[in-house]
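Residues per chain, in single letters:
10 protein chains.
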Amino acid sequence: MIWHPQLASLLARFRHANAIAILDAPFPSYPDVETVDLIVRRGLPTIPDLVDLILSEHEVTSVTMAEEFRQHVDPQTQADYLAHLGDLPVQWIPHVSFKEEVSRCLGIVHTGDPVPYSNVILRWG
Amino acid sequence: MIWHPQLASLLARFRHANAIAILDAPFPSYPDVETVDLIVRRGLPTIPDLVDLILSEHEVTSVTMAEEFRQHVDPQTQADYLAHLGDLPVQWIPHVSFKEEVSRCLGIVHTGDPVPYSNVILRWG
Amino acid sequence: MIWHPQLASLLARFRHANAIAILDAPFPSYPDVETVDLIVRRGLPTIPDLVDLILSEHEVTSVTMAEEFRQHVDPQTQADYLAHLGDLPVQWIPHVSFKEEVSRCLGIVHTGDPVPYSNVILRWG
Amino acid sequence: MIWHPQLASLLARFRHANAIAILDAPFPSYPDVETVDLIVRRGLPTIPDLVDLILSEHEVTSVTMAEEFRQHVDPQTQADYLAHLGDLPVQWIPHVSFKEEVSRCLGIVHTGDPVPYSNVILRWG
Amino acid sequence: MIWHPQLASLLARFRHANAIAILDAPFPSYPDVETVDLIVRRGLPTIPDLVDLILSEHEVTSVTMAEEFRQHVDPQTQADYLAHLGDLPVQWIPHVSFKEEVSRCLGIVHTGDPVPYSNVILRWG
Amino acid sequence: MIWHPQLASLLARFRHANAIAILDAPFPSYPDVETVDLIVRRGLPTIPDLVDLILSEHEVTSVTMAEEFRQHVDPQTQADYLAHLGDLPVQWIPHVSFKEEVSRCLGIVHTGDPVPYSNVILRWG
Amino acid sequence: MIWHPQLASLLARFRHANAIAILDAPFPSYPDVETVDLIVRRGLPTIPDLVDLILSEHEVTSVTMAEEFRQHVDPQTQADYLAHLGDLPVQWIPHVSFKEEVSRCLGIVHTGDPVPYSNVILRWG
Amino acid sequence: MIWHPQLASLLARFRHANAIAILDAPFPSYPDVETVDLIVRRGLPTIPDLVDLILSEHEVTSVTMAEEFRQHVDPQTQADYLAHLGDLPVQWIPHVSFKEEVSRCLGIVHTGDPVPYSNVILRWG
Amino acid sequence: MIWHPQLASLLARFRHANAIAILDAPFPSYPDVETVDLIVRRGLPTIPDLVDLILSEHEVTSVTMAEEFRQHVDPQTQADYLAHLGDLPVQWIPHVSFKEEVSRCLGIVHTGDPVPYSNVILRWG
Amino acid sequence: MIWHPQLASLLARFRHANAIAILDAPFPSYPDVETVDLIVRRGLPTIPDLVDLILSEHEVTSVTMAEEFRQHVDPQTQADYLAHLGDLPVQWIPHVSFKEEVSRCLGIVHTGDPVPYSNVILRWG
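Chains as they are written, first to last, in numbering that gives the first Met the number 0: chain P, 0 to 124; chain A, 0 to 124; chain B, 0 to 124; chain D, 0 to 124; chain L, 0 to 124; chain U, 0 to 124; chain G, 0 to 124; chain V, 0 to 124; chain S, 0 to 124; chain E, 0 to 124.
Derived DEER-like restraints, expressed as beta-carbon distance ranges:
| id | chain 1 | residue 1 | chain 2 | residue 2 | range |
| --- | --- | --- | --- | --- | --- |
| 1 | B | S61 | A | A82 | 42 to 50 Å |
| 2 | G | W91 | L | P88 | 30 to 38 Å |
| 3 | G | W91 | D | S102 | 53 to 61 Å |
Just so you know, the hints here were simulated from the structure itself, not pulled from any lab data.
Since the structure is predicted, the reported quantities are computational estimates derived from the model, not experimental observations.
Glycine included, every Cβ here is placed at the ideal spot set by N, Cα and C.
Between the sequences and the hints, there should be enough to build the whole structure, so can you do that?
Printed below as a string of structure tokens:
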């Protein structure tokens with residue numbers, strides 16, 4: 000069950016060909032994309048907190064992440080984060096392209112995640 | 000999973016001491032209570048359709064119904080409808096009181112149910 | 000009679016050269032097109048439920064559907080669905096084009112229909 | 000079929016125990032009651048125009064009118080107007096009370112009717 | 000005097016180089032143009048009802064109509080309708096162009112007129 | 000013809016038993032009453048400017064003014080102002096009561112009139 | 000002091016490189032530009048009334064007017080109007096261009112001025 | 000000249016019998032009263048900054064302050080603050096009553112003033 | 000620094016005599032009180048997460064909690080939670096009264112805290 | 000702590016790659032960019048007042064200013080202003096380009112600063 004009203008509404012509208020971005024604390028604001036603000040402080044909640052929640056409630060078929068995550072984040076953190084995605088295929092694109100993709104998402108969920116480049120875009124169908 | 004955006008938002012706000020009314024086709028409109036309109040036609044969807052959906056997604060601890068349901072509806076339909084409520088305790092009140100209770104609910108879900116007095120108020124805690 | 004307020008308003012504005020899309024459960028959300036949300040759960044209500052309602056209340060002169068419906072859906076389901084359209088001429092276009100057409104519709108009615116590619120666009124005049 | 004979007008929405012919400020007022024040209028404005036403005040000029044449309052339309056689309060079980068209609072309007076006009084109500088029972092109340100009742104209606108339809116005291120409140124159930 | 004609040008406001012903003020379209024019952028909806036809905040039913044009110052009202056209250060210097068009106072409407076109806084325009088010069092353009100012009104109007108008045116192609120665009124200055 | 004859009008809309012809603020207040024420059028603001036702001040500067044426009052305009056467009060059957068106008072304003076100005084009201088009956092009440100009446104009006108028109116106590120409330124029916 | 004709330008707000012936002020148009024009675028409506036409606040009737044208030052008010056409250060460094068004012072308005076009226084502009088430099092452009100400039104202004108003030116082509120655009124800095 | 004758009008609009012509506020409160024940094028929020036937020040930080044701007052501005056632009060005839068200002072603030076600060084009020088009569092009331100008065104004001108201007116009990120209510124007429 | 004836009008705005012308006020409620024997951028919804036939704040899931044974030052954040056950014060002088068917290072929660076959890084409040088004085092009131100107090104708060108922050116009766120109301124001054 | 004509600008919200012949304020403009024008194028209005036109005040009068044508050052506040056609350060990594068500041072402002076004022084920026088790198092661009100950059104900022108803070116060309120754009124990351 001989703002307890003957050005706006006997040007529940009956004010997930011109900013997340014359908015085939017739609018995409019939702021789960022973003023870290025300092026990721027740019029996109030005034031023209033519907034945004035669910037969940038950040039309490041840097042570090043709370045994390046992107047895996049949201050990934051776990053959404054995958055338990057909603058079908059997701061692929062993920063997009065920035066290549067820079069694989070290049071700049073230590074291997075242990077990489078492994079910990081990717082474990083939350085299970086067997087979902089990940090499309091790796093440059094961070095610059097990732098920011099453009101976010102502008103075309105149905106919605107944004109803003110977390111307090113402190114790990115650089117850990118942002119994910121979830122897609123269904 | 001709840002696919003209806005407004006219903007998903009309403010259920011996310013349905014907490015202890017709050018109540019949600021599931022109403023039949025001709026039940027009066029309450030302009031001052033948030034209403035999720037789901038009626039397609041008289042008969043579609045039914046109150047049990049909604050009761051099943053909500054009980055599968057959200058904790059409910061008691062139900063309120065109108066005494067007139069027990070007095071005026073044929074026993075088979077009564078049994079069919081009450082079966083959807085499982086072991087939930089039912090508080091039976093006069094229809095006139097039921098209509099007052101609806102005005103104090105957090106929200107209304109309007110169905111096409113054709114069975115008279117089959118309306119229910121769901122409560123949690 | 001239409002009992003759903005927003006659907007009643009939308010049909011009142013459905014005039015010559017306008018189009019209304021009746022869409023299945025997982026069809027993408029179009030935030031920029033007026034949407035009447037009717038889905039209760041996957042399977043309820045269906046696209047034929049809405050087609051029957053609208054054709055009984057409003058003149059419709061043609062229908063658009065995706066070619067993939069004829070290619071991927073079993074013949075019995077095809078026949079059952081098309082029977083609801085009566086003698087209306089059907090224009091068959093690729094699903095990719097169908098999604099573009101939806102973005103130009105006056106409104107969308109979102110159902111819980113589970114049959115793939117069963118979406119229809121209704122036109123008048 | 001109702002072609003006027005706001006009127007179609009209002010009638011969809013006109014349910015048991017709700018009331019709708021059909022008012023003549025100079026009847027006072029009620030800023031706090033939802034109002035469908037249909038007046039073109041004094042005389043167009045009339046209250047019978049609306050009564051005919053609504054009775055053909057929606058169940059109505061009783062009518063309220065001002066006693067002054069029976070006292071001040073010529074018998075032929077009275078007969079012509081009442082003929083549109085068919086067999087519906089009419090509750091006759093003082094015009095002063097009628098104006099109070101209007102403030103409790105679900106909605107108002109404002110016509111250009113020129114006959115004094117010809118206003119009606121329609122109720123269902 | 001104009002008794003309809005939104006129509007009164009629209010006419011107050013109808014100035015030099017602005018245009019207002021008076022449209023028949025099945026004319027397409029234009030969600031992006033301000034629309035005054037006056038239709039009660041097919042046939043009520045008519046476009047001449049509105050033309051008479053507006054010409055009695057506001058200066059108009061020219062009219063645009065669809066050529067198809069002259070080609071497809073019987074001569075008597077043509078004569079009856081055009082008589083309401085008095086000596087105003089009429090610009091005749093194809094119906095397809097007429098529909099494009101409507102999208103650039105300051106506002107639309109939607110009537111129940113049943114005569115095909117009887118739509119008019121009024122201009123001042 | 001009324002050229003001011005909001006004033007045109009307000010007058011269209013000014014019906015039997017409704018009242019409209021025409022107020023001088025320093026009269027208190029009433030945030031809860033719809034207000035048409037017309038003041039350019041102290042002295043422009045005047046209350047008689049608005050009285051002339053409204054009486055030429057709309058039926059008015061009585062006027063309310065503050066007794067203090069008769070007590071404190073020089074006879075020539077009194078005569079000039081009252082001449083604009085023609086034969087309309089004037090109800091004289093204390094300024095304190097006048098301010099309470101304004102809070103119950105359908106709308107306020109705010110002018111730049113500099114004459115003390117020259118405010119009027121217009122009523123119809 | 001500015002007594003008109005919306006005009007006061009607009010002038011507070013009138014800064015370097017911004018422009019405000021003061022327009023006559025029949026000048027076209029621009030739905031996409033913020034508009035302060037001040038017209039009472041044709042002739043009241045005038046453009047010079049507004050020019051005097053704004054110049055007494057706000058710095059203005061240049062004015063734009065239509066060439067047609069110099070060509071079509073009698074010399075005495077021209078002199079009377081231009082006297083209100085004091086020593087401000089006037090840029091003369093064709094009326095067609097003037098109408099395009101208005102669409103780029105920060106705001107419009109609509110007066111009742113009856114003199115053709117007397118519209119002005121005020122600029123600061 | 001007032002450069003702040005909302006403050007300019009509020010002062011334009013500040014008329015006879017209306018009151019405006021100028022409040023220090025920690026004064027309670029009143030969600031139901033229109034509030035102009037001007038605080039940059041504790042200490043900037045001050046209540047005298049606003050008093051000077053408003054008195055230079057708008058007529059004020061009396062002031063209300065809390066008695067506690069005279070009891071708890073050092074004489075030099077008292078003198079400095081009261082000097083900004085010139086000859087305006089001051090009504091001294093208990094702080095508890097002052098807070099009730101604020102809830103009835105036309106508007107609030109929130110400053111960063113650090114001096115306790117230095118809040119003022121300005122009245123005109 | 001507060002990273003959540005609505006929470007940052009709410010804390011900026013949290014002044015003397017105002018109160019803010021930090022509530023656990025199943026606490027009732029209050030549609031009439033401004034609510035910042037932060038819940039991700041039951042357990043995330045907690046009330047102490049929010050208490051720590053707010054006390055680090057904003058002055059708080061007292062706390063209100065429900066007596067039932069001291070009666071029903073195990074001592075270790077009690078101690079852990081109260082440690083976050085430091086030396087702040089706690090006012091203990093019945094849970095029924097606590098729910099009434101919440102309806103008078105300036106705002107609500109909704110967390111996912113799972114500990115019963117752990118809700119707090121923070122006050123300043 | 001930020002006491003101004005809208006400024007607090009804007010800073011909470013000021014993230015990597017976003018920019019905020021702090022502008023002087025006569026800088027043009029940008030109706031399409033969110034604007035926090037803080038000006039009390041020319042000279043209050045200043046751009047350094049806001050720079051100090053924002054740098055104490057939020058990370059900033061670079062600044063953009065107009066070249067004309069270095070060319071036209073006296074050296075002492077230049078030094079005083081630049082001292083508030085500490086070690087932040089300053090990008091100098093023509094004033095014409097600066098005005099274009101402002102149109103792409105996340106938000107504007109409007110001050111009363113009287114020093115020409117003293118505007119700054121703050122960026123993070």
